[in-house]
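Assemble the complex: chain U is given as a structure, and chains R and E must be docked to it using the hints.
Residue numbers (numbering that gives the first Met the number 0), protein chains in the order written: chain U, 0 to 291; chain R, 0 to 298; chain E, 0 to 121.
Note that these hints are calculated values from the structure, not bench results. Keep in mind that the hints are not guaranteed to be accurate.
Taking lysine-lysine and the DSS-like style, the derived pairs with C-alpha atoms no more than 27 Å apart in a straight line are [claimed, not checked]:
| no. | chain 1 | residue 1 | chain 2 | residue 2 |
| --- | --- | --- | --- | --- |
| 1 | R | Lys-158 | E | Lys-89 |
| 2 | U | Lys-84 | E | Lys-14 |
| 3 | U | Lys-148 | R | Lys-211 |
| 4 | R | Lys-219 | E | Lys-87 |
| 5 | E | Lys-9 | R | Lys-161 |
| 6 | R | Lys-211 | U | Lys-56 |
| 7 | U | Lys-44 | R | Lys-77 |
| 8 | E | Lys-87 | R | Lys-158 |
| 9 | R | Lys-215 | E | Lys-9 |
| 10 | U | Lys-123 | R | Lys-211 |
| 11 | U | Lys-228 | R | Lys-143 |
| 12 | U | Lys-210 | R | Lys-93 |
| 13 | R | Lys-70 | U | Lys-148 |
| 14 | U | Lys-179 | R | Lys-236 |
| 15 | U | Lys-233 | R | Lys-215 |
| 16 | U | Lys-179 | R | Lys-87 |
| 17 | U | Lys-114 | E | Lys-79 |
| 18 | U | Lys-179 | R | Lys-70 |
| 19 | E | Lys-89 | R | Lys-1 |
| 20 | R | Lys-77 | U | Lys-56 |
| 21 | U | Lys-148 | R | Lys-87 |
| 22 | U | Lys-148 | R | Lys-93 |
| 23 | U | Lys-260 | R | Lys-236 |
| 24 | U | Lys-148 | R | Lys-143 |
| 25 | U | Lys-88 | U | Lys-116 |
| 26 | R | Lys-161 | E | Lys-84 |
| 27 | U | Lys-206 | R | Lys-143 |
| 28 | R | Lys-215 | U | Lys-120 |
| 29 | R | Lys-88 | U | Lys-206 |
| 30 | E | Lys-14 | E | Lys-89 |
| 31 | U | Lys-56 | R | Lys-215 |
| 32 | U | Lys-109 | R | Lys-219 |
| 33 | E | Lys-79 | U | Lys-88 |
| 34 | U | Lys-206 | R | Lys-120 |
| 35 | U | Lys-88 | E | Lys-1 |
| 36 | E | Lys-87 | U | Lys-84 |
| 37 | U | Lys-84 | E | Lys-84 |
| 38 | U | Lys-109 | E | Lys-79 |
| 39 | E | Lys-87 | R | Lys-161 |
Residues per chain are reported as follows:
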Amino acid sequence: MRIAVLSGKGGTGKTLVSVNLAAAAHKAVYIDCDVEEPNGHLFFKPAVIQEEEIAIKIPAVDNTRCNGCRQCVDFCKFNALASIKNQNKLIIFEEVCHSCGGCIMLCPEKALTEKEKVIGKIQKGMSDAVTVYTGILNIGEASGIPIIKQLLDDHKDTSGMPVFIDCPPGSACIVMESIKDADYCILVAEPTLFGVHNLNMVYELVKLFGKQFSVVLNKCLDGENPAEKFCIEKNIKIIGRIPFDTELGIINSNAEIAVRKNPKYGDIFSSLLETVVREVQHKHETTSHSQR
Amino acid sequence: MKQLLILSGKGGTGKTTIASAFIKLSGARAYADCDVDAPNLHLVTGQGFTPKKTDYYGLPKAEINAERCIKCNQCRQKCRFSAILIEKKHLVEKNYQVDPFACEGCGVCEAVCPVGAIALKPAVAGELMLYSNEKKVFSTAQLKMGSGTSGMLVTEVKKQMKSAAADTELAIIDGSPGIGCPVIASLSGVDMVLIVAEPSVSGISDMERIIKTATKFGTKIAVCINKYNTNIENTEKIEEFCAKQGLPFIGKIPFDAEAVKAINNGQTIVDIECPSGTAVTAVYHKTIALLFEEDGRSA
Amino acid sequence: MKIAVPVDEKDLKSKVCVSFGRTPYFLIYNTETKESVFLENSAAASTGGAGIKAAQTIVDNGVSALLTPRCGENAADVLKAADIKIYKTKSVAINDNIEAFIDGKLPLLDEIHAGFHGRGGN
Numbered sequence: 000m001r002i003a004v005l006s007g008k009g010g011t012g013k014t015l016v017s018v019n020l021a022a023a024a025h026k027a028v029y030i031d032c033d034v035e036e037p038n039g040h041l042f043f044k045p046a047v048i049q050e051e052e053i054a055i056k057i058p059a060v061d062n063t064r065c066n067g068c069r070q071c072v073d074f075c076k077f078n079a080l081a082s083i084k085n086q087n088k089l090i091i092f093e094e095v096c097h098s099c100g101g102c103i104m105l106c107p108e109k110a111l112t113e114k115e116k117v118i119g120k121i122q123k124g125m126s127d128a129v130t131v132y133t134g135i136l137n138i139g140e141a142s143g144i145p146i147i148k149q150l151l152d153d154h155k156d157t158s159g160m161p162v163f164i165d166c167p168p169g170s171a172c173i174v175m176e177s178i179k180d181a182d183y184c185i186l187v188a189e190p191t192l193f194g195v196h197n198l199n200m201v202y203e204l205v206k207l208f209g210k211q212f213s214v215v216l217n218k219c220l221d222g223e224n225p226a227e228k229f230c231i232e233k234n235i236k237i238i239g240r241i242p243f244d245t246e247l248g249i250i251n252s253n254a255e256i257a258v259r260k261n262p263k264y265g266d267i268f269s270s271l272l273e274t275v276v277r278e279v280q281h282k283h284e285t286t287s288h289s290q291r
Numbered sequence: 000m001k002q003l004l005i006l007s008g009k010g011g012t013g014k015t016t017i018a019s020a021f022i023k024l025s026g027a028r029a030y031a032d033c034d035v036d037a038p039n040l041h042l043v044t045g046q047g048f049t050p051k052k053t054d055y056y057g058l059p060k061a062e063i064n065a066e067r068c069i070k071c072n073q074c075r076q077k078c079r080f081s082a083i084l085i086e087k088k089h090l091v092e093k094n095y096q097v098d099p100f101a102c103e104g105c106g107v108c109e110a111v112c113p114v115g116a117i118a119l120k121p122a123v124a125g126e127l128m129l130y131s132n133e134k135k136v137f138s139t140a141q142l143k144m145g146s147g148t149s150g151m152l153v154t155e156v157k158k159q160m161k162s163a164a165a166d167t168e169l170a171i172i173d174g175s176p177g178i179g180c181p182v183i184a185s186l187s188g189v190d191m192v193l194i195v196a197e198p199s200v201s202g203i204s205d206m207e208r209i210i211k212t213a214t215k216f217g218t219k220i221a222v223c224i225n226k227y228n229t230n231i232e233n234t235e236k237i238e239e240f241c242a243k244q245g246l247p248f249i250g251k252i253p254f255d256a257e258a259v260k261a262i263n264n265g266q267t268i269v270d271i272e273c274p275s276g277t278a279v280t281a282v283y284h285k286t287i288a289l290l291f292e293e294d295g296r297s298a
Numbered sequence: 000m001k002i003a004v005p006v007d008e009k010d011l012k013s014k015v016c017v018s019f020g021r022t023p024y025f026l027i028y029n030t031e032t033k034e035s036v037f038l039e040n041s042a043a044a045s046t047g048g049a050g051i052k053a054a055q056t057i058v059d060n061g062v063s064a065l066l067t068p069r070c071g072e073n074a075a076d077v078l079k080a081a082d083i084k085i086y087k088t089k090s091v092a093i094n095d096n097i098e099a100f101i102d103g104k105l106p107l108l109d110e111i112h113a114g115f116h117g118r119g120g121n
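So that you can see chain U by itself, here it is in the shape it has in the complex (with noise of 0.2 Å):
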C-alpha cells in the first residue's frame, strides 16, 4: 500500500500528516521525495544504515579518436556539446547535459563514452520500527528526479508494511515523478487563499492520473473553511480535520513527532490512519481499472 502525501501549497502539513501516520502505523516506511528540501529524517533522526550516491551518466571523449564530425553537435538538443574541428577537441558541458545517451550511441567514432556524475544521494534508516528514506539534491543542480526514481524503484521489503511517500510541493514534474506508482493521494489542505488555490492544481494532477484521493484538512480554524468550501463543491471526500493547535505547531516546529510525544496526537493520528487503511483497502475491491 503506497501512499502519497501532497498538497500543491508549500507548508500546509504533507511532512506533519506523512511522518505522523508512519509514527502511528509503527511498522511503515516513509520514503521523503521531496529532495530539494527533505524535512522528515528530523523528525524521525533515523540511525543511518546506509548511503547510496545517485549519479547520472553523461559522456567523456576521447580526443583522439574523434574526427570533427559534429553528428554529435548537430543531433544535441540541449546544446551541450561543442566542436573546435582544427584545434580536434570537443567539448562537453555536463550541467546542460539531460543524459539522453543519444550522442553516445550516434558517434560512428566510438569517441564517446558515458561516465558518472553525482548529483545526490539516498539515505536509508531506522526509527523504532520506520524505515525511514531520505533523498537528497546536492546543492546547484537542477533536476531530483533520478534521486526521486530510485527511492521509488527500489525493491524494498514492505513486507505489507504501508509506504507513506512525502511530495514535494507543486504539481511539476518531481511531484508526478512521486505520485506514478502510488495507490492512494493524501491531499492536505490549509484554510487559506492560496492554499485552495494550488489544492485545485494538485486535485486536478491526481485526477489526471486516475489516483483514487481524498483530502485532509489542516491547521482548521472557527469559521468559514476555504479549502472544506472547495471540497464540497467538487464533491471530494474529507477524511480527517487537524485542528490548528499552537501545541502540536510547538512539536512540529522543534521537530519532533507528535504522536511520539503526546498520546492525544497519537489518537488523532491513528484515526486518520485506520480510516486511509479503509479507503485504500476499499477502493482495491470495488474498483479495477486501467493499466496506464
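For chains R and E alone, coordinates are given in the frame of chain U:
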C-alpha cells in the same frame, strides 16, 4: 532597475504575503511572480483587467505515428526517461505511445526508429501573462501541470517584466520554494535576495540550503523571520546563525490571525491595521535601504 | 580577419545586442574586405545551452574576435578553446565598436558571467 527577489527554501513561510505587502508599500510599478508552478501573487494584487497571454513552448515532445510503427521496441529500450509506453487495448492491440509528461524531447527515439514513425513536435508547456498599464507592470505565468523546463519559464516571466517596465526603479519578484531549477533561474540577475525564514527545525534546515544556493550565485542576501512568535527559541537560533555568517538580519514578523483573514479577503497585510502589517513595514524599509546601498557588498 | 558582433537587426545602423547567446543576429565583418554578412542566431530559441550554440556558430564561421557587452562562461569556454578573443563593446553603435577595435582601443572582456544552464537568459 533594482530587482529584489523573495525566497525561502521551505514552502509556506510567507513569501507571497510579504511580497504583496512590499508591493503595496513601495507602490512598485513592476513586479513578478516567479513561482510558475503554483503562482499566488495575483490573488492579492487585484489586477482588475485581463492580461496579455502568450503560450510558452518548452521542449518539443516526441509523437509516434501508430500507423507507421512496427513495434520493434527500439525506442522504448533506448529511452532514458521511461517515456515510451505500451497501451494495452482489449489485450490484443498494443500501441506504442509517448508519455508527454516524461518525455524530455531529446530525440533519441526519433533517431533510432527504423521506419521514421517518431517525430518531435512543439509542445505548449505553460502560459505567460502580462498585466500592463500606465500605472504598473505585473508579469506572471502558469506552468502546465507536470511540465519540466520551469526554469526557462521563470526567465521568460522576468524578461517580460523587464521589457515592459525598463525604466522602473524597483521591481519586486515573488519566488518559489525549493532550491532547484526555477529558483536558480529566478536568482540570476537580481540585485538582492530577501530570505523569509520560518522558526521551525524544517524551516531552518531549508533556509540553510537556500542560503548556500544563493551564495553560489554571489547575490546580496538578507534574512527576515516570519511567524517568529510560534517558536522564540528557534527565532533566536536563526538570528545567531545570521550573525555568525555575517548575513544582514532585517527583522521579524509575528504570526497574526488578522493577517490570515486579510489574505483570504484578497488583501495585503498592510491594507489593514494588524501587528504583522506594522512589523512588515519596518522590514520593508530596512530591506529597501540595503537594496539601494551603494557599496555593493555581497554575501 | 573576421570579427563577430551580436546585433538587434540585420542593419549596420542597428544596435549591439545586450545578450550574446540569445542575440537574434550576428554581424560577421571582414576587416580587410570590409564586407558585412548577417547570420541568424539559431540559438536564440533554445531552451538551454544558447551560449554554447551561439559560440559554435562563431567558431564555424572562421571568426578571430568577438565584440560583445557580455558573455557567459560556457560560451567563453568554447571561444577560448578555439583561440577566439572576446572584446568588450563600448557602446550600442555597431560602427563605433568596429572602429575602436581596428584602432586597438577596445578592451578584452574580463567579467565572464555564470551560465544560465537551461533556464534561459538575457
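Outcome of the hint check:
1. Only pairs whose Cα atoms come within 27 Å are accepted, and Lys-158/R paired with Lys-89/E is accepted, the gap being roughly 24 Å.
2. Our distance criterion of 27 Å between C-alpha atoms is broken by Lys-84/U and Lys-14/E, whose separation comes to about 31 Å.
3. For a cut-off of 27 Å, the pair hint linking Lys-148/U to Lys-211/R stands: about 25 Å separates their Cα positions.
4. Between Lys-219/R and Lys-87/E, the direct Cα distance comes to roughly 25 Å. Compliance with the 27 Å bound is thereby established for this hinted pair.
5. Restraint check for Lys-9/E and Lys-161/R: satisfied, since their Cα atoms lie roughly 24 Å apart, inside the 27 Å limit.
6. Distance hint between Lys-211/R and Lys-56/U is fulfilled; the C-alpha atoms sit about 25 Å from each other, no more than 27 Å.
7. For the given pair, Lys-44/U sits about 40 Å from Lys-77/R by alpha-carbon distance, which is inconsistent with the 27 Å threshold.
8. The straight-line distance between the Cα atoms of Lys-87/E and Lys-158/R is roughly 23 Å, inside the 27 Å bound, and the hint therefore holds.
9. Taken as a hint, the Lys-215/R and Lys-9/E pair is broken in the structure, with Cα atoms around 38 Å apart against an allowance of 27 Å.
10. For the given pair, Lys-123/U sits about 25 Å from Lys-211/R by alpha-carbon distance, which is consistent with the 27 Å threshold.
11. Taken as a hint, the Lys-228/U and Lys-143/R pair is honoured in the structure, with Cα atoms around 25 Å apart against an allowance of 27 Å.
12. In summary, the hint linking Lys-210/U to Lys-93/R is supported, as the alpha carbons are separated by about 23 Å, within the 27 Å threshold.
13. A threshold of 27 Å between alpha carbons decides the hint, and for Lys-70/R with Lys-148/U the separation of about 26 Å falls inside it, so the pair holds.
14. The suggested pairing of Lys-179/U with Lys-236/R is violated, with an alpha-carbon distance near 38 Å, which exceeds 27 Å.
15. For the given pair, Lys-233/U sits about 44 Å from Lys-215/R by alpha-carbon distance, which is inconsistent with the 27 Å threshold.
16. Note on Lys-179/U and Lys-87/R: the hinted pairing holds, with a Cα-Cα distance of about 18 Å set against a maximum of 27 Å.
17. The straight-line distance between the Cα atoms of Lys-114/U and Lys-79/E is roughly 25 Å, inside the 27 Å bound, and the hint therefore holds.
18. For the hint linking Lys-179/U to Lys-70/R, the alpha-carbon distance of about 25 Å falls within 27 Å, and the restraint holds.
19. The straight-line distance between the Cα atoms of Lys-89/E and Lys-1/R is roughly 23 Å, inside the 27 Å bound, and the hint therefore holds.
20. For a cut-off of 27 Å, the pair hint linking Lys-77/R to Lys-56/U stands: about 14 Å separates their Cα positions.
21. With a C-alpha separation of about 24 Å, the suggested pair Lys-148/U and Lys-87/R falls inside the 27 Å cut-off, and the hint holds.
22. Restraint check for Lys-148/U and Lys-93/R: satisfied, since their Cα atoms lie roughly 25 Å apart, inside the 27 Å limit.
23. Only pairs whose Cα atoms come within 27 Å are accepted, and Lys-260/U paired with Lys-236/R is accepted, the gap being roughly 23 Å.
24. Using a Cα cut-off of 27 Å, the hinted pair Lys-148/U and Lys-143/R holds, with the two alpha carbons roughly 21 Å apart.
25. Under the criterion of a C-alpha separation no larger than 27 Å, the hint pairing Lys-88/U with Lys-116/U is consistent with the structure, at around 21 Å.
26. Proposed proximity of Lys-161/R and Lys-84/E is contradicted: the alpha carbons are some 30 Å apart, above 27 Å.
27. Distance check on the hinted pair: Lys-206/U and Lys-143/R sit about 15 Å apart at the alpha-carbon level, within 27 Å; holds.
28. For the given pair, Lys-215/R sits about 20 Å from Lys-120/U by alpha-carbon distance, which is consistent with the 27 Å threshold.
29. Distance restraint check for Lys-88/R and Lys-206/U: the Cα-Cα separation of roughly 21 Å lies within the 27 Å cut-off, and the hinted pair is therefore satisfied.
30. A threshold of 27 Å between alpha carbons decides the hint, and for Lys-14/E with Lys-89/E the separation of about 12 Å falls inside it, so the pair holds.
31. Distance hint between Lys-56/U and Lys-215/R is fulfilled; the C-alpha atoms sit about 24 Å from each other, no more than 27 Å.
32. Between Lys-109/U and Lys-219/R the CA atoms are separated by roughly 46 Å; this puts the pair beyond 27 Å, and the hint is violated.
33. For the suggested pair Lys-79/E and Lys-88/U, the alpha carbons sit about 12 Å apart, so the restraint of at most 27 Å is met.
34. Taking the CA atoms of Lys-206/U and Lys-120/R, the gap is near 26 Å; set against the 27 Å cutoff, the hint holds.
35. Distance restraint check for Lys-88/U and Lys-1/E: the Cα-Cα separation of roughly 22 Å lies within the 27 Å cut-off, and the hinted pair is therefore satisfied.
36. Pair hint Lys-87/E plus Lys-84/U holds up; C-alpha atoms about 26 Å apart against a cutoff of 27 Å.
37. Restraint check for Lys-84/U and Lys-84/E: the C-alpha separation of about 17 Å stays at or below 27 Å, so the hint holds.
38. Distance restraint check for Lys-109/U and Lys-79/E: the Cα-Cα separation of roughly 26 Å lies within the 27 Å cut-off, and the hinted pair is therefore satisfied.
39. The straight-line distance between the Cα atoms of Lys-87/E and Lys-161/R is roughly 23 Å, inside the 27 Å bound, and the hint therefore holds.
Hints 2, 7, 9, 14, 15, 26 and 32 from the earlier list are contradicted by this structure; the remaining hints agree with it.
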